[in-house]
Every structure is written in C-alpha cells, then in structure tokens.
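> Sequence:
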Amino acid sequence: MSENSLPAIGIPRALLYYRYGALWEHFFRALGVSTVLSPPGSRGILEAGTALAPDEGCLSLKMFIGHVDALTGRCERIFIPRYSNYGFTELFCTRYEALYDQARNIFRDSGQRFITCNIDVQHGSPEALAYERLGTELGFGARESRRAWREASRALEQRQKAEERAQKERARQPGMKVLVAGHSYILSDPYLGKPILDILEKSGAVSLRADALEPGTARKACAGFSPTCRWIVSEEIVGGVYLWKEKVDGIILVSAFPCGPDSMTNELLIRRIRGIPILTLVLDTQSGMAGIETRLESFLDIIRFQKGETV
Numbered sequence: 005m006s007e008n009s010l011p012a013i014g015i016p017r018a019l020l021y022y023r024y025g026a027l028w029e030h031f032f033r034a035l036g037v038s039t040v041l042s043p044p045g046s047r048g049i050l051e052a053g054t055a056l057a058p059d060e061g062c063l064s065l066k067m068f069i070g071h072v073d074a075l076t077g078r079c080e081r082i083f084i085p086r087y088s089n090y091g092f093t094e095l096f097c098t099r100y101e102a103l104y105d106q107a108r109n110i111f112r113d114s115g116q117r118f119i120t121c122n123i124d125v126q127h128g129s130p131e132a133l134a135y136e137r138l139g140t141e142l143g144f145g146a147r148e149s150r151r152a153w154r155e156a157s158r159a160l161e162q163r164q165k166a167e168e169r170a171q172k173e174r175a176r177q178p179g180m181k182v183l184v185a186g187h188s189y190i191l192s193d194p195y196l197g198k199p200i201l202d203i204l205e206k207s208g209a210v211s212l213r214a215d216a217l218e219p220g221t222a223r224k225a226c227a228g229f230s231p232t233c234r235w236i237v238s239e240e241i242v243g244g245v246y247l248w249k250e251k252v253d254g255i256i257l258v259s260a261f262p263c264g265p266d267s268m269t270n271e272l273l274i275r276r277i278r279g280i281p282i283l284t285l286v287l288d289t290q291s292g293m294a295g296i297e298t299r300l301e302s303f304l305d306i307i308r309f310q311k312g313e314t315v
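First residue of the sequence shown: 5, per the working numbering; consecutive thereafter.
Be aware that one or more of the hints could be misleading.
Claimed, not checked - Below, in silico cross-link-like pairs of lysine-lysine (BS3-like), each with a Cα-Cα straight-line distance of 30 Å or less: (1) 224 with 206; (2) 249 with 206; (3) 172 with 311; (4) 311 with 181; (5) 311 with 249; (6) 172 with 249; (7) 165 with 181; (8) 249 with 198; (9) 249 with 181.
FYI, nobody ran anything at the bench for these hints, they're computed from the structure. Only a predicted model underlies this, so the values are computations on that prediction, with no experimental measurement involved.
Based on the sequences and whatever the hints tell you, model everything.
Here it is as structure tokens:
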C-alpha cells in the first residue's frame, strides 16, 4: 500500500476519545478527511503500550501508547490534541497536555507524523479557534473549518444527550441498581472496564454509569458537593455520583493505577457518602478478571443482604 492510499488521520481509541470521539470523527468527516481508528482495547495493545510508555505512567496512559503504536504506519498523521483547560477553573489533568509531546518522543524513530490542536483558554486558544487552526493546517479555509467544528460540536452534544436519555431508561428497569463511577476511557474500554459492567449484568444487577450525564449538568452538581474539586473530568464523575447516589443500591469506584486525581476524588466520595455500600476497584497491568469477579460477586451479596434478600 502506498503512503498516498493511507487514511489521512489516525485516531487512538483511548483516553479522551471516549469523551470527544464523536466530535473528532464528525469534524474530519465534515472536511472530507479520511480517518482510521486503532483497534478496540485488548491485552495485546496494553502490553505493547506498557513496553513503550514510561514506567511511572498510569494504566490508561500505557493503553493509549499501545493504541498509538497500533496506528503507526497505518495513516499519514496521528491526531493527538492537547487539552489543557476551558478557563481558570476548568482544568484537565496535565497528562492530556503532555500526550502529544510524549507520543512524538516515544515514536521519534518510527517516521510516523503527528498532528495536534491546542485547547487552552487561559492562553487565548479556545476550542473553536483551536479546531479552526487545525482545519487550516490541513489545508482548509477558516470559514470551512469553523463550520465543521460547529457541526461536530452539535454532534457531540446530541451524543451526550442520547447517552443520558438511555441511562434514565435503564434506571427504570426493575432490580438491584449499581452505579459504576470512573473515567469513560476505563468504563468504555472493552478490555479494562467493560468486563466489569458485563459481570454486573450477568449477576442480575442493573449497571448505571456516573459519566452518562451531560457534562455541564454533572459539573454543576459537583459544585454543591465539593466546590474545590480541581480537575474538570473529576468534577463530572463526582457530580454524576452525587446526582445518582439516592437512586442506586451500591456504588463502585473504578480507577487506573496510579491515577492521582482519582485517588483524591475516590477518598472524597468514600468520606462524604453514607448509607450506601461502596466498592473501590483499582486496575493495573497485573489485574485479572477472576479476582475482580470474586470481589464484585461479594459486593452484590452485601447489597442483597442489606436489602433483606436471600444470599
């Protein structure tokens, strides 16, 4: 296959893809730019990323680097946007700001090209302008790029509202309800988080997700629960738990080792929420589903016992 026949843009199916993937794909599609996604998360992708990523990196970073490795040589450029902040009080974990530079450094000898856009409101680069600049870098006019971004933003908003509606429908189902709180890139990953949701469903529980809320709604809820929560994504997880905690029978906090923001927000939730069983699951490269399944089954038994059901 010649280089010219390769898709123009590769998108790693990890980290912020599970938050902004609909926006990215729609943006490039609106411009007529071909894209390719990395394969779904798997043990092989995680092992490849673990071999390449810094040892001190979190599990989700190692998975991300594995996805970048899977795209290397399959596209002209790999898209890794920098998300720094939406303002002085809406900050992203610094890992998102460093991803582009980390990936370029790790794959510096591969010949693979990368492309980014910089979302940093504090330094004069709001999201709309960042994507306009991305479009012009790809050879499109500013007006065309702005139009593509507006269409993509609407597509993302519709996706988020649809997920929230679907969650509310699930919440109406009869049976034990368990809220699973964690980053979308953990819970949506078919290797990391989806098996947890599958085990809950297999055990007869209705699994709900704290991240299945419109982001603005979740952040407002977090402000009433913890006004000092620092990271924007952590705010949304905390807000989701706060909004759903009275409607579920148990809460599972899922995080990737050694995520700093999660270590703080999980402790906050455990200390502040009373009267509801809470299970904390910390995933790492050595985690096995057998041990996790045993802990989940025991947790569900505790909930059944508290509800007076036969265990």
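> Verify the proposed pairing of residue 249 with residue 206, using a straight-line Cα cut of 30 Å.
Answer holds: residue 249 to residue 206 is near 22 Å, not above 30 Å.
> Holds or violated: are the alpha carbons of residue 311 and residue 249 at most 30 Å from each other?
Status holds; Cα separation ~16 Å.
> Is the Cα-Cα distance between residue 224 and residue 206 30 Å or less?
violated, 34 Å
> Are the Cα positions of residue 165 and residue 181 separated by 30 Å at most?
OK: residue 165 and residue 181 at ~21 Å, within 30 Å.
> Against the 30 Å threshold, does the CA-CA distance of residue 249 and residue 198 hold or violate the hint?
holds, 21 Å
> Please work out if residue 172 and residue 249 have their alpha carbons no farther apart than 30 Å.
Since the Cα atoms of residue 172 and residue 249 sit roughly 14 Å apart, the hinted pair holds (cutoff 30 Å).
> Quickly compare the C-alpha distance for residue 172 and residue 311 to 30 Å and report which way the hint goes.
Holds: residue 172 and residue 311 sit about 23 Å apart, inside 30 Å.
> For the pair supplied as a hint, residue 249 and residue 181, confirm whether the alpha-carbon distance does not exceed 30 Å.
Satisfied, since the Cα-Cα distance of roughly 10 Å is no more than 30 Å.
> Below or equal to 30 Å on CA atoms is what counts here, so check residue 311 against residue 181.
holds, 12 Å
In this structure, only the earlier hint numbered 1 is contradicted, and the remaining ones agree with it.
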